[in-house]
Every structure is written in C-alpha cells, then in structure tokens.
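Undergrad: What follows is each chain in one-letter form.
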Amino acid sequence: MDVNRSRLWRSSINNSSSKKFKRRQYLVNPGFQLRFMLYLSIAVSIGLAILYLSNYFYFDVLSSEGRELGLDPSHPYYEFIQDQRRLLNRTYLIVSVAVFIGLMIFGLFLSHRVAGPIYRIESYLKQVTKGEVHLRPVTLRKGDFFPELADIVNDTIDHMSNEENKPEPE
Amino acid sequence: MFLLVFLSSSAAYADDEILSIKFSKKNQTKTALTWIQFKPQLVFAPELSKREKRENDATRAQSILSSHEVPMALIHNTKPYSHVGKLFFTKEDGKVAHCSAAFAGTDSLVVTAAHCVMSLIGDWNSDFLFIRSYGSKQQELYAVQCIALLSIWGESRGDDILNYDYAFLKTTRVSKAGGLDITTATPPEELTIIGYSDDYNAGRTMLELDFAISVRERQISSIDNPLGKGSSGSPWIDANDSKMFSVTSHYINSKKSVMWGPKMTTKTLRLIEYTNNGCESL
Numbered sequence: 001m002d003v004n005r006s007r008l009w010r011s012s013i014n015n016s017s018s019k020k021f022k023r024r025q026y027l028v029n030p031g032f033q034l035r036f037m038l039y040l041s042i043a044v045s046i047g048l049a050i051l052y053l054s055n056y057f058y059f060d061v062l063s064s065e066g067r068e069l070g071l072d073p074s075h076p077y078y079e080f081i082q083d084q085r086r087l088l089n090r091t092y093l094i095v096s097v098a099v100f101i102g103l104m105i106f107g108l109f110l111s112h113r114v115a116g117p118i119y120r121i122e123s124y125l126k127q128v129t130k131g132e133v134h135l136r137p138v139t140l141r142k143g144d145f146f147p148e149l150a151d152i153v154n155d156t157i158d159h160m161s162n163e164e165n166k167p168e169p170e
Numbered sequence: 001m002f003l004l005v006f007l008s009s010s011a012a013y014a015d016d017e018i019l020s021i022k023f024s025k026k027n028q029t030k031t032a033l034t035w036i037q038f039k040p041q042l043v044f045a046p047e048l049s050k051r052e053k054r055e056n057d058a059t060r061a062q063s064i065l066s067s068h069e070v071p072m073a074l075i076h077n078t079k080p081y082s083h084v085g086k087l088f089f090t091k092e093d094g095k096v097a098h099c100s101a102a103f104a105g106t107d108s109l110v111v112t113a114a115h116c117v118m119s120l121i122g123d124w125n126s127d128f129l130f131i132r133s134y135g136s137k138q139q140e141l142y143a144v145q146c147i148a149l150l151s152i153w154g155e156s157r158g159d160d161i162l163n164y165d166y167a168f169l170k171t172t173r174v175s176k177a178g179g180l181d182i183t184t185a186t187p188p189e190e191l192t193i194i195g196y197s198d199d200y201n202a203g204r205t206m207l208e209l210d211f212a213i214s215v216r217e218r219q220i221s222s223i224d225n226p227l228g229k230g231s232s233g234s235p236w237i238d239a240n241d242s243k244m245f246s247v248t249s250h251y252i253n254s255k256k257s258v259m260w261g262p263k264m265t266t267k268t269l270r271l272i273e274y275t276n277n278g279c280e281s282l
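So the sequence lines, in the order shown, correspond to chains F and A.
Under my numbering, the first residue of the first sequence carries the number 1, and numbering increases by one thereafter.
Under my numbering, the first residue of the second sequence carries the number 1, and numbering increases by one thereafter.
With the rest of the complex left out, here is chain F (with noise of 0.2 Å):
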C-alpha cells in the first residue's frame, strides 16, 4: 500500500504540472518584496534626477550663451528658453510618473515570480513536516524564478518516500 502511494504521488506530479497554478495574491512575502521595490524606486529616482538635472544644466548652459552673447533678459530668446524648459518638464515630469509606475508593477511582478516560488516550497514544507507527504508534488508557474527547486524538493520527498517504504530486512 505504501509503495503504490509513491508511485501515485509520481503520476500525480505529472498530472498536476498540466494545470496551471495563478497565485492571485501578489504581494506573498511582503519584507522581501517590498524591500525590493523600494531598491528598484531609488534607483529609478536616482536615473530621473541625474535626467532632470542634466536637462537643468543644458537650459542653463543655453541661457549663459545668451547672456554671453549679451542678449537684455527681456529678449524673446529668454522666453522660448523658458517655454522649452516648461514644455520638457511637464513632458517629463508625465513620463517620469509613468516610468515610476511601470517600474513599480513591473518590479511588483519580478519580486512575486522570485517570491512566489519560495513561498510556494515554504509553505508545502510546512506540510510536509505536518506529515501531509501526500500531498500532491510541488509545482511552480511556469516562467517562476529558480523552477530547479521544485524538482529538488519533489525528488527529496520522494527519495525520502521510497526509503520509508523499503520492506525491513527480515
């Protein structure tokens, strides 16, 4: 009885990998994954600000040009200067938001499929040590991050099954 449960839970892995797993809840381990996202934010932040100032720098260089060629600071020169800055910022300001909101889902989506798998074998782990060994295989999603540990685990147990189920030497 007990050697046919590891084979069922075999097939069982077979069966299950067909069907696919959507874990609706996004934020599974949220230190990590917010930990994540804040890295990811400063970074973004830290790449908008060195775009802004060297948008800042080049409307100041091109005013100074003005100013050396001796242009009075009520010259239309002035104003179209001004005009471009607002234009760029407000364009960029809009894309900046955009880029930051992008980045923040798409590192919400990156961090859950590093998460994700994680939580997965961490929870069946726990099942597992309740002595639930048989439940069904371990599967990840497909395009999950590190997929080789499903299959580690899924072997352990496996291995560990057989071992239990070895008739003792008469």
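Calculated directly from the structure, the hints in this document are not laboratory data.
Just so you know, not all the hints are guaranteed correct.
Claimed, not checked - Part of the chain A face toward chain F, derived, beta carbon under 10 Å:
no.	residue
1	K26
2	T29
3	T31
4	L33
5	Q41
6	N77
7	Q139
8	E140
9	L141
Unchecked claim - Only part of the chain F face toward chain A is listed, based on derived beta-carbon distances under 10 Å:
no.	residue
10	E68
11	D72
12	H75
13	Y78
14	I81
15	E164
Claimed, not checked - In silico SDA-like pairs for lysine to any residue, Cα to Cα no more than 25 Å straight-line:
no.	chain 1	residue 1	chain 2	residue 2
16	A	K256	A	S66
17	A	K79	F	G70
18	A	K137	F	D72
19	A	K255	A	I161
20	A	K22	F	L88
21	A	K256	A	Q62
22	A	K26	F	D72
23	A	K176	F	E65
24	A	K176	A	M72
25	A	K137	F	R85
26	A	K137	F	E164
27	A	K26	F	S74
28	A	K30	F	D72
29	A	K26	A	D123
30	A	K30	F	R85
31	A	K22	F	R67
32	A	K26	F	P73
33	A	K25	F	L88
34	A	K39	F	V61
35	A	K26	F	F100
36	A	K95	A	Q37
37	A	K22	F	Q84
38	A	K137	A	D93
39	A	K22	A	D107
40	A	K25	F	N55
We treat Cβ as the ideally placed atom computed from N, Cα and C, and that holds for glycine.
Given the structure of chain F, go ahead and fit chain A onto it with the hints provided.
TA: Chain A in isolation, oriented as in the chain F frame:
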C-alpha cells in the same frame, strides 16, 4: 560707365513710399541662436595677408587710419561715439556680414545704409544684431524689431536709388546713450565720420575722421576718405552739435577716395516716424 561699390562687408509690408519688415519673437529667437553660433566678436574682416587685390590699398589705409582711433575711454559714454556701433547680419546666401550704424532719430532707432539691410535686387538680409560701442568692453547688444527703408531703394533701378541708401531699424529696447539728431539742413564744409573699417584692425576698432565735403542736390561726398569696406552706414556728423547729415553709402570705382552719402530729406523724417511707430503708419 561707372562701377559703384558698396561698402558693406559682404514678407515685407508696403506703404506707398516705405518698405518694411517686422521680426516676430520667433524670428528674434532664431537671430539670437544664429549669433550664439557665429559669435559677433569672432566676425572679423579677413586678415590683410589673405587679401589679394586690395592688399596694397588696405596696408596704406591701415597706416593712415592708425591715427584716427577713437580712444576706448570715450566709446561707451561720450557722445557722439556712444551712439555708434556695428550692425551684424546674414545675407541671402547665408554669409555673415557687417556694417557700421548708429542710434539716430530716437533712442530706439538705428540708422545704417539701405544696402546693408536689403540688396539691390530687393532681397532682405536677415539676423540683424546691432552692437553699440562695438570693440569696447562695455559694448551693448540690441535686437531688432523691425526695419524700414524708402521703397525706391528696393523697387527702382538706376543711380537715383543711391539718394535713398539709408534705412532705419527699430530696436527692441532703448539705448541708454540716446540717439543722434538727424537734420535735413545744408551741411557745413567739414563733417566727421565715425565708424569701422575692415582695413583697420579687421574692423574691430572705432575710427573718427574729419572730411571736407562737397554737397550735391541729393548726395554729399567726402573727399580723401580711406575708410573703405565696413564703413557703410557710418554717420556723418557735425562735430560741433553732433547733428547727423548722412551715412556712408558707396564710392565709385574710378575714384575710390571719394565716398558718397545720401542727403536726409523730409522723406527721411517720415521714415523715422514710421519706423519709430513699430514700422506702422501713424
């Protein structure tokens, strides 16, 4: 046949007698960008060694003109020098050129030769920029809002047009130094010409020369004038009261030492009013 030589280095609105052109803010910005690129302080007349035919004349002029430099201390604040400067522009073919010019008529009008703003075939030059006290450390730059000249210049042919070789440019701000008074009176026997010559220090130095003049019906001539190219638009002034009688226009090739300028008339005064009103009729 005489060959006339002009001395510049190089959507109009029609009134009955006046042609004018206005520059929008966009155009003024384009002009500023042009001069940021070319930098007027780097626009010099060609070095003497690079000249071919004119080298001997230029060398001779150089030695004559050296004693006519306006002292630096006078250029910025002392009348009439403080009214004079250099007008930079680009021609139809995109080449950078320059003339002499001066604030005259009002404190926001610059007078120069008509051929400095419009070619003989009626093409407007562009990217006008006037630099008062050019060559001094305190030189001041003035953008141009509109230009007007008598339509005879742009529309007629023949020698008559030389009587109208002057134009007024309305600047976007007023000159701190004010402007020369223009008079239609008969000039005295001697006048002072203040301007720049390509033949001296590559056109970087303001010069002042006194000349005996000869008056004709519509033009005045200055005799033994070595200023040459770059002096177009230089004001002809009575040294006693700083009143302006003419601007340098041209010389005749067979007699280079005699330079001609148009007499100012009542038409000139009307042109001043028109230009000062933003190139619109009153």
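Undergrad: Keeping to a limit of 25 Å between CA atoms, is the pair of A:K22 and F:Q84 held or broken?
TA: Within the cut-off at roughly 24 Å; holds.
Undergrad: Return the status of the interface hint for A:Q41: holds when the least beta-carbon distance to chain F is below 10 Å, violated otherwise.
TA: At about 9 Å, which falls below the 10 Å cut-off, the nearest Cβ of chain F leaves the hint on A:Q41 intact, so it holds.
Undergrad: Does the nearest C-beta of chain A fall within a distance shorter than 10 Å of the C-beta of F:I81?
TA: With Cβ-Cβ at 9 Å, under 10 Å, it holds.
Undergrad: Within a Cα-Cα threshold of 25 Å, do A:K25 and F:L88 meet the stated pairing?
TA: holds, 20 Å
Undergrad: Quick one, are A:K25 and F:N55 close enough, alpha carbons at most 25 Å?
TA: holds, 24 Å
Undergrad: Hold the hint about A:E140 up to the distance rule: shortest CB distance to chain F must be less than 10 Å.
TA: holds, 7 Å
Undergrad: Check the hint pairing A:K137 with F:D72 against an upper bound of 25 Å on the C-alpha distance.
TA: holds, 16 Å
Undergrad: For the pair we were handed, A:K22 and A:D107, check the Cα-Cα distance against 25 Å.
TA: holds, 19 Å
Undergrad: Do the alpha carbons of A:K26 and F:P73 lie within 25 Å of each other, as the hint requires?
TA: holds, 16 Å
Undergrad: Minimum Cβ distance from A:L141 to chain F below 10 Å?
TA: holds, 4 Å
Undergrad: Does the structure keep A:K26 and F:S74 at a Cα separation of 25 Å or less?
TA: holds, 14 Å
Undergrad: Do the alpha carbons of A:K26 and A:D123 lie within 25 Å of each other, as the hint requires?
TA: holds, 20 Å
In this structure, the earlier hints numbered 6, 15, 20, 25, 26, 35, 38 are contradicted, and the remaining ones agree with it.
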